[in-house]
Amino acid sequence: MEVSFGITGKGYVLVAADTTAAHSVIKVKNDVDKIIELNPHLLMAYSGEPGDTVQFAEYVERNIRLYQIRNSLPLRPPSAASWVRKTLAQSLRSRSPYSVNLLLGGYDTSDYTPHLYWLDYLGTLVEVPFAAHGYGSYFALSLLDRYHDPEASLEEGIETLKRCIAEISKRLVVSPERFKVKVVDKDGVREIEL
Amino acid sequence: MARRYDSRTTIFSPEGRLYQIEYAMEAISHAGTVLGVLAKDGIVLAAEKKVTGKLLDLSETKSGGYGGSGEKIFLLNSNVIAGVAGITADANSLVNYARDYAQRHLYQYNEDIPVEMLAQNLCNLKQGYTQHGGLRPFGVSLLYAGYDPHYNFQLYHSDPSGNYSGWKATCIGANSGTAQSLLKQEYKEDIAIEEAIGLVLRVMSKTMDSTTLGSEKLEFATLTLDAEQRPKAKIYRPAEIDALLKKHDLAKKDEDAEMKS
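Protein sequence lines, in the order shown, are assigned to chains A and B.
Counting with the UniProt record's numbering, you get residues 1 to 194 for the letters of the first sequence.
Counting with the UniProt record's numbering, you get residues 1 to 261 for the letters of the second sequence.
Do not rely on the hints blindly, as some may be mistaken.
Stated by the list, open to error - Sample of chain A residues at the chain B side, in silico, Cβ under 10 Å:
1. P74
2. L75
3. P78
4. D111
As the list claims (entries may be wrong) - Anything over 10 Å on all C-beta distances counts as not near chain B; from chain A, calculated:
5. G51
6. R95
7. E159
8. E167
What the hints assert, rightly or not - The calculated label-pair distances, taken between Cβ atoms and stated as ranges, are:
9. D149/A - L58/B: 55 to 61 Å
10. N92/B - D111/A: 34 to 40 Å
11. E194/B - V32/A: 41 to 47 Å
12. Y59/A - R202/B: 52 to 58 Å
13. N163/B - E127/A: 35 to 41 Å
14. L125/B - L73/A: 15 to 21 Å
15. E177/A - R104/B: 44 to 50 Å
16. L141/A - N152/B: 35 to 41 Å
17. A89/A - N92/B: 45 to 51 Å
18. G177/B - A89/A: 51 to 57 Å
19. G188/A - E194/B: 38 to 44 Å
Honestly, the hints are just simulated from the structure, not real lab data.
For each residue, glycine too, the CB sits at the ideal point set by N, CA and C.
Working from the sequences, and respecting the hints, build out all of it.
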């Protein structure tokens, strides 16, 4: 069962996603990276129909890169989120829609603010302080509702994240064994070992 | 000999020149002056109107629209205003194109278009007419005054060839050389918008043909930030221009008042 979630804090966004590739009831891999780096200050966690996810994530990645090459300006997180939402909404109304749910985390280098967006395959877009997709969201969201602090330091944010992962591991019947965690802040995107 | 290369835009002369482009630039140097000055907290645009006269119906410009007579200064998007010099009909076509492009960007990305992107796109269009056969280039130069979060306030100039450049203060149209050298002397780094307004009005009053400035000959606009840090364009209405000129002591003197004093 796929799980991904994101938390904003003081000047950063933390995004975590499980690393399992499942085929029917079988785990075929447990080191998959489901968080793509779209540009130095933008990352996206994807989940949903296997195949659709990677295809769509790479399509977004290439288009955001193209925008930056053409205009020598980065696409700011709010604009990138709007573009992805529009693309998903168009896809939904096509013959073969993408079945992909996303979390978009970014750091806006023009006004120094972190942003986290929750998107689903229906073309919903919301900017949120914390977010989750998948069965893990039932545990993570209630925990984050209690413990999230928008002014938390990165260390405090990681502690909250660990709480969420611990709860999911404990309560979810088919819980993922590993999580990949990435952070984006003023210095860009980097991976964090828990 | 030169004639052979005059009639087509796409053909280089033996000296390596494109005459139609040069003629377009020449047309602009006779057009009404447009002047722009970049301040640290805003931008000022002013333009000289050439189409005037007692019989011209200006009733619409006094109250209708978003201000301005719609001859020289236009609102391209909520964060960009433009001053045009050259063939007005060509300018209208470009303004329409620019507005369309800016709205497309807003639809796709849910943000105001970055200023340089808009200028660049208009230049791509202009450049196309210097290369494709049988078509006349746009006889228009534009000054774009805009704001975006990437580079804050910006002032760009584009010409009929499709070149564009960024400026702190610049001028296009008739007497632009004189105005430019005046600006070079008087421009200071980091001036505030109020000083920039004064500078623009001073330079305009020196370069325009008429001895006194008035709303019938002048268009004026500013771009600043509002309380929520969003760009706010203000294109002055005729009454506001006259009030501004009066404030800066450049308005027409009331003869009766002078007689009395």
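Which earlier hints turn out false for this structure, listed by number in ascending order? 11 and 17
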